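Given the coordinates of chain A, assemble chain B onto it according to the supplied hints.
So the chains spell out like this:
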Amino acid sequence: MEINMTFLGQMISFAILVWFTTKFIWPQLNGAIEERQKKVADGLAAAERARAELKDADAKVASEIKQARQQSTDIIDKAQAQANAIIEKARVEATDEINRLKAQAQDEIASMAQRAREQLREQVGKLAVQGAEKIVQREIDPAAHKALLDQLAAEI
Amino acid sequence: MASEPQGGLTEYIQHHLNHMTVNFSTDHFWFWNLRADSIIISFALGAIFCLWFWLFARKATSGVPSKGQALVEIIIEFVDTQVKDTFHGDRRTVTPLALSIFMWVFLMNAMDLLPVDLFGWIVQTVSGKEVAHHTYGRIVPTADINTTVGLSVAVLLIVIGHGIKAKGGFGFTKELFTAPFHAHSPVAKIVLAIPNFLLNVVETLSKPVSLAMRLFGNMYGGELVFMLIAGLMVSWISFVPGVVFNTAWAIFHILIIALQAFIFMMLTIVYIATAREHH
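Protein chains in written order, with my numbering: chain A, 1 to 156; chain B, 1001 to 1279.
Everything labelled a hint here was simulated from the structure, so no lab data went into it. Predicted, not measured: the structure shown is a model, and the values here were computed from it. Each hint should be verified, as a subset may be incorrect.
Only pairs whose alpha carbons sit at most 27 Å apart, straight line, appear in this in silico DSS-like list of lysine-lysine [unchecked claim]:
1) A/LYS146 to A/LYS134
2) A/LYS23 to B/LYS1167
3) B/LYS1084 to A/LYS38
Here chain A stands alone, though its shape is the one from the complex (with noise of 0.2 Å):
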């Protein structure tokens, strides 16, 4: 229990420790673990944000899908109504072909028909002036009696 030197050797040796700690030890970390604090405090922050977000665009997303849904719908119902006008024009243009179609069979058959009666009635006067020549005996001039021979034709 005796104060001496040592003591004045101990104020030294502390008061030289004192001032490396603040100089070159206390700034340093210090700085450092309040720069990871912002950088952790910032960290946070922006995955709050972050998720935010997140939800923000989810919430779009659901939205546009529903969109491009209805999009989807309406262009097959569009689509079914074309095709459904377009089955319609053909079968109206088909019936009218068809129908334009039978109209000129029956016209080329009424035509055929004609022929066919004239045909006929030319050969019933030709066999009408060979059989009334046969029964007159006497040649009978075609040419004196052509308009006879041709009033009688139509007349059949």
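This is chain B only, laid out in the frame that chain A set:
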């Protein structure tokens, strides 16, 4: 200090309580004694602390810290939290001070956990028995009253410095005479000036004395108990209880080592915080 050889435990302990002393004066006046063991060991421990922390402070990163940096940061944050809770002001000088005190006192106290005879054994192994008999050395600097008083007086000067800085030279001096007893009439002020001043002197002086004596007493006592337990191991009969007691005391002493370092640091912070308060 060295007494005549009495043999046995008494001689053993007295031998161990001697310091490695160097005297610088011609008449060998006791004040000029320098306890080389306390100085060298405490200085080495301070240097170890500085080097250790400086190595991590130099490459301190705010990114992912290495395990070493994390340990250093845990210590620093522990100290800083204590300062923050007690002292409300600019901590840029107070926390480094508290950190220095805590780590230095802790390391010096921790020397108590080294075996009491390790130092002597090394000297004996290196230089032989004769030299060892005349070489004294104590490895716990805080079990030397000079170290603890040196620390506490330095702390007192810092505390007074804080007081003067916070209140100004005049305000600080005025408070020595006007607190803790306040008066409003001039006569009462004059009457109370003397008791106030005496109380303040006692209060101021009691701070370093209590700081120094508390640490010194704990560490000196702890060292003494280690020596007494070491005495048990001399005989084969008491060897096993000696080992048991030694282990138990060492484990208990870990608490005291950390606790005393913590108390020294905390009281320093409290003193600084009080010195900055206005009365």
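Failing hints, ascending?
Violated hints: none; all satisfied.
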